[in-house]
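Participant: Construct the complete structure from the given sequences, taking the supplied hints into account.
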Amino acid sequence: MASVTMTVNGKSVSADVDPRTLLVQFLREHLRLTGTHVGCDTSQCGACVVHVDGKAVKACTTLAVQAEGCDILTIEGLANGSELHPMQAAFREHHGLQCGYCTPGMIMTAVDMVNRLGHDIDEATIRHELEGNICRCTGYHNIVLAVEAGAKAMGGAGMREAAE
Amino acid sequence: MYAFDYHRPTSLRQAAAMLQKTEDAMIVAGGHTLLPTMKQRLAQPSALIDLGGLSELRGIEKKGRAVVIGAMATHADVAASDVVREAIPALAELAVTIGDPAVRHRGTIGGSVANNDPAADYPAACLGLGATIITNRRKIVAEEFFQGMFDTALDEGEIITKVSFPIPAKAAYAKFRNPASRYALVGVFVMKRGSEIRVAVIGAGSSGVYRWSEAEAALAKRFSPKSLDGMSASADDMNSDIHADSEYRAHLVGVMARRAVQAAVAR
Amino acid sequence: MTATGIGAPVRRKEDQRFITGKGRYTDDLVRPGQAHAYFLRSPHAHAEIVRIDPAAALAMPGVLAVLTGDDLAADGVGGLICGWMIHSKDGSPMKAGPHPALAQGKVRYVGDHVAVVIAETLAQARDAAEKVAVEYRELPAVVDTGSARKSATAVHDVAPDNTVFEWHLGDKAATDAAFAKAKHVTRLDITNNRLVPNAIETRAAIGEFDESADSYTLYTTSQNPHVARLVLSAFIGIAPENKLRVIAPDVGGGFGSKIFIYAEETVCVWASKKVGRPVKWNSDRTEAFLSDAHGRDHVTHAELALDENARILGLRVKTTANLGAYLSTFSSSVPTYLYAPLLSGQYDIPAIYAEVDGVYTNTTPVDAYRGAGRPEATFVVERLVEVAAREIGMDPANFRRKNYIKRFPHQTPVIMAYDVGDYAASLDKALEIADYKGFSKRKRESAKKGKLRGIGFSSYIEACGIAPSQAVGSLGAGVGLWESAEVRVNPTGSVEVLTGSHSHGQGHETTFAQLVCDRLGVGIDQVNIVHGDTDKVQFGMGTYGSRSGAVGMSAITKAIDKVIEKGKKVAAYAMEASDKDIEFKDGRFSVAGTDKSMAFGEVALQAYVAHKFSGQDLEPGLKEGAFYDPTNFTFPAGVHICEVEIDPDTGVTKIERFTAVDDFGVVINPMIVEGQVHGGIAQGVGQALLENAVYDESGQLVTASYMDYTMPRAGDLPSFSVGMTTTPCPSNPLGIKGCGEAGAIAAPPAVINAITDAIGHEGIAMPATPQAVWRAIHRTRPAMAAE
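Chains as they are written, first to last, in the numbering used here: chain A, 1 to 164; chain B, 165 to 431; chain C, 432 to 1218.
Calculated from the structure, these hints are not laboratory results. Careful: at least some of the hints might be erroneous.
Just a sample of chain A residues kept apart from chain B, beta carbon distances all over 10 angstroms, derived [claimed, not checked]:
#, residue
1, T7
2, V13
3, A15
4, E29
5, R32
6, S43
7, T61
8, D71
9, A79
10, G81
11, S82
12, R92
13, E93
14, M113
15, E148
16, A153
Here are the simulated DSS-like pairs of lysine-lysine, each with C-alpha atoms no more than 27 angstroms apart in a straight line [unchecked claim]:
#, chain 1, residue 1, chain 2, residue 2
17, A, K55, B, K203
18, C, K453, A, K11
19, C, K453, A, K55
20, A, K152, C, K453
21, B, K334, C, K880
22, C, K453, B, K390
23, A, K55, B, K226
Think of the CB as a built atom: it goes at the ideal place given N, C-alpha and C, for glycine as much as any other residue.
Facilitator: If you want it as structure tokens, here you go:
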């Protein structure tokens, strides 16, 4: 067993884990944060994307022990209480999800995309940036619209905060 | 995954000592090749020695006429580095073609070079730029470092610490992705530095990354895509799989080489 | 139209939990004391099992049990079944080989279930599985669809030539006569590639035995939990129906693959009693590739006969359909009754004759995948029609228009009676949206850049609303295909709808609630849709075949009508009027010709307090159920147009434009319907350009992960232009036709027609990968140079 301590959605958590425990298993099985999903074994589908120290990471390809000391944000920690994050709201508004299984990873990837590329992202860039997230339901059409709108909304929120 | 012990050394010396004394131990950097392999139970290290705690391996700096990149620099680090983008933009552009954004946040240059996957991208840049791989023990030039599929000059207990890329006059990378995996079906890195021309090919050859000497000779006369018109690599010794047989790969080597030269010239 | 009623693009009620990570999928559930199952699978495509020795595995840490086919047999657990009987031309029944949930004596495909290891943790189960010693005697493998019948090796003893059935449909003599007088015959050889459904949630199951109640619960990723319970009870014999509860919680996509009753959930239920613990199994992606039923896999020769006026005279089709190593739950119906009856397409074809041979091979079983038979039929028809138009030098759009069925109802020569449609309207709209007139200019512009541009059509039709029970029963179905619903009005006026449909991405919690809002005038937040639990919902046939709108919502409509009728009686007592004078509109019951009225909620309360009619001939309460059995299939149809640009240097095909115009009848929620179209197109484009399940000669699945099986990604697809036309379906109360499969049915021939238009010949098969397209272009070059 190995001990690991990290911050997950703002809370410090410590546990003794088998070293072969993946970060996604740690989140799902130890912390019961089941919003982060597993859709493949080869780091391709992106259903497991979480933020590690502010960057999108595939939690199925990261050992829990590798996240020692890191700050983890999962889909459960994205909303501000009952107020949805603008990207979450955009996915609902633009019907960017059907079965919902890839959705947490999509949203976490989209937020990371905006964090890196800003609020004005065009369709081609969004499609390219979604390379590591597979959706079988939507054909991506509405996901692209949602990310575009969510990016703009995140910018709006930022500007409001800056003005205040 | 099979069970293993996990170590997180705090110094390079400690890491090397652990690697030396633990039978069947492996280094894990970003883990983006190793962990999927272990998940499929195709690798069974007794212990993983995680270099994640060694911040001294992450730096990117310009040193004289070279860009020196720490082994633990992620693909995203390289892609975003002002140093790299200014000195060797082709290298930053290559880093952006690796995997996807989340993979680039974890995958490292050291891991990629050490693994020498015949469909990875960095080996093409290393060979194409004439890089030197620096380990905790020595310096190894790219020609000697890459020794065939998944095979390198690294000795047991040896750890890559940095990769030094001499700055070229012109360079570019053109990649044709495997439609499924997004690895390089064919990747061609071209470079001109004075009279030195290099054309390094990844993904295609059955022995991993190699230099395409015919194309280099043609480009030595004139560094222009026209010099490669009608040229395709020999289909002998090319990889063949469901996505591309050897003939198609050989053809793509020519196409990607022309596109790379075009991009390099246009820079 | 109200903001939440029929026709409104209501944002989905279910999304709140999905976007916040609060969805509850099977693998998210943890049952007290649950143990974990890992299936040891055959590494060989075909082998005898000489010996299984679990001793070393049993000695591993955490191991609770290692169970094999012998244990299943000892407990009298039956094999998996195929629920649709197909008879061959000679009248003989299809040859169904035994399909044990754990192999008994033989394994027949890579991934076949050899044993299950149950342990405290999944890692322990997997560690131990490697210690199960299995001795195999390898046998030659039958892999190729086209040559399976000629193989010296038999997959099943019952079918020595690997032939499951030799089925046919249509009038052979009339068709031969049509071809005899044809002026022109178009011939094509077609391979419909094998696909892996790949819902992003892999299959999962938890079996649990409650000793005190002597009953089982199965939590599973199912599109039809009641059918799963029926099959597990009546055929596999695990427990009586009343002692088995099946719960399908949130399910992450199905596309057909979660209709079927598989080995894993069967074993989890059975094993839970044997080990006295809940047994959980969750498929990893490679297991999914190996063990989820695959789709398509046809080899076809097809011919179209034309007269001198470019009218279609007849269609002749000969298909070999690969069914894999065992007959999966509905596998036999897919290449037969879900295929050949659609071969008339949108066209007035006087004579059609189709022959289909179903074959066994040592590959994963093949069953329904989004579209199920109809994409295969549409691909045959729409490729033939396109090629025929090209061969006679006619514009493909005009050729189609000329041959469209224009009068309805229309009886085709292959069972189906089309009720309504306006195919030319869809074509006109699609041509306009796609800017067909501007195509030649765009083609010239592409040529200037050294690129090849092509345009392709697909005028598809599908039979949905599956299905009239009497009809399918006469064709061999083992079940009826009605749907049930119960509408429970609570005393406060809120409404619960219990439905036998199952939502795994379709948005039923929203669309079904819209129907209730529309009919009962209650707020959408006052409505809850309950599905996916056999203990809650009385019965249901589930969701597949684009049936939940046309059939499932029709059942709800019937139940709502009964609620309104009952409400009128309650309101009559409450307002002291005759129930014949009670009108219901916009959520209020009123007495005709007076200003007396009551809100729906007030009537609900009166129904439950029963103060006004106690002792009268009216029962308290407001809850009604209904079963709806459709009287006909529904016939969604439309026109999809694909425009591609090809890089001849690499063979890369880029979809520049994709236009879809569909007639789905009445649309409940256009936002959701468009989403269904988008997703279907993506899967259709995936089939046409990217996806292919490839076996090597020994029967190993080469494409068993996303490293080799190309899933459509965002960058592979364009944004789609979607339009609609509407001819309401006359056979159901809502006028709905169904929309779930259209894209997957329509897109493949549109894409391939565009590519063949671009490259100038028909010699390319699906998937048109860069390599395949490059080869196809390359092949023509010497010929062009010679001209």
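Participant: The structure should be examined with respect to each hint, and the outcome stated for every one.
Facilitator: Status of each hint after checking the structure:
1. T7: 16 angstroms, holds
2. V13: For V13(A), whose nearest Cβ neighbour in chain B is about 18 angstroms away, the distance exceeds 10 angstroms, so it holds.
3. A15: 14 angstroms, holds
4. E29: The claim stands: E29(A) keeps its Cβ more than 10 angstroms from every Cβ of chain B (closest is about 15 angstroms).
5. R32: R32(A) clear of chain B: closest Cβ-Cβ about 22 angstroms, beyond 10 angstroms.
6. S43: Non-interface label on S43(A) violated, nearest chain B Cβ at 6 angstroms vs cutoff 10 angstroms.
7. T61: Check fails; 5 angstroms does not lie beyond 10 angstroms.
8. D71: 14 angstroms, holds
9. A79: For A79(A), whose nearest Cβ neighbour in chain B is about 21 angstroms away, the distance exceeds 10 angstroms, so it holds.
10. G81: With a cut-off of 10 angstroms, G81(A) remains clear of chain B, as the shortest Cβ separation is near 27 angstroms.
11. S82: It holds; S82(A) is separated from chain B by about 28 angstroms at its closest Cβ, greater than 10 angstroms.
12. R92: Holds, since 23 angstroms exceeds 10 angstroms.
13. E93: Since the minimum Cβ distance to chain B is about 24 angstroms, E93(A) lies beyond 10 angstroms and the statement holds.
14. M113: Non-interface label on M113(A) violated, nearest chain B Cβ at 7 angstroms vs cutoff 10 angstroms.
15. E148: For E148(A), whose nearest Cβ neighbour in chain B is about 17 angstroms away, the distance exceeds 10 angstroms, so it holds.
16. A153: 20 angstroms, holds
17. K55(A) x K203(B): Distance of about 23 angstroms is within 27 angstroms: holds.
18. K453(C) x K11(A): Within the cut-off at roughly 18 angstroms; holds.
19. K453(C) x K55(A): 22 angstroms, holds
20. K152(A) x K453(C): 25 angstroms, holds
21. K334(B) x K880(C): Holds - the C-alpha atoms of K880(C) and K334(B) are around 26 angstroms apart, at most 27 angstroms.
22. K453(C) x K390(B): Violated: K453(C) and K390(B) sit about 58 angstroms apart, past 27 angstroms.
23. K55(A) x K226(B): 26 angstroms, holds
The structure shown violates the earlier hints numbered 6, 7, 14, 22.
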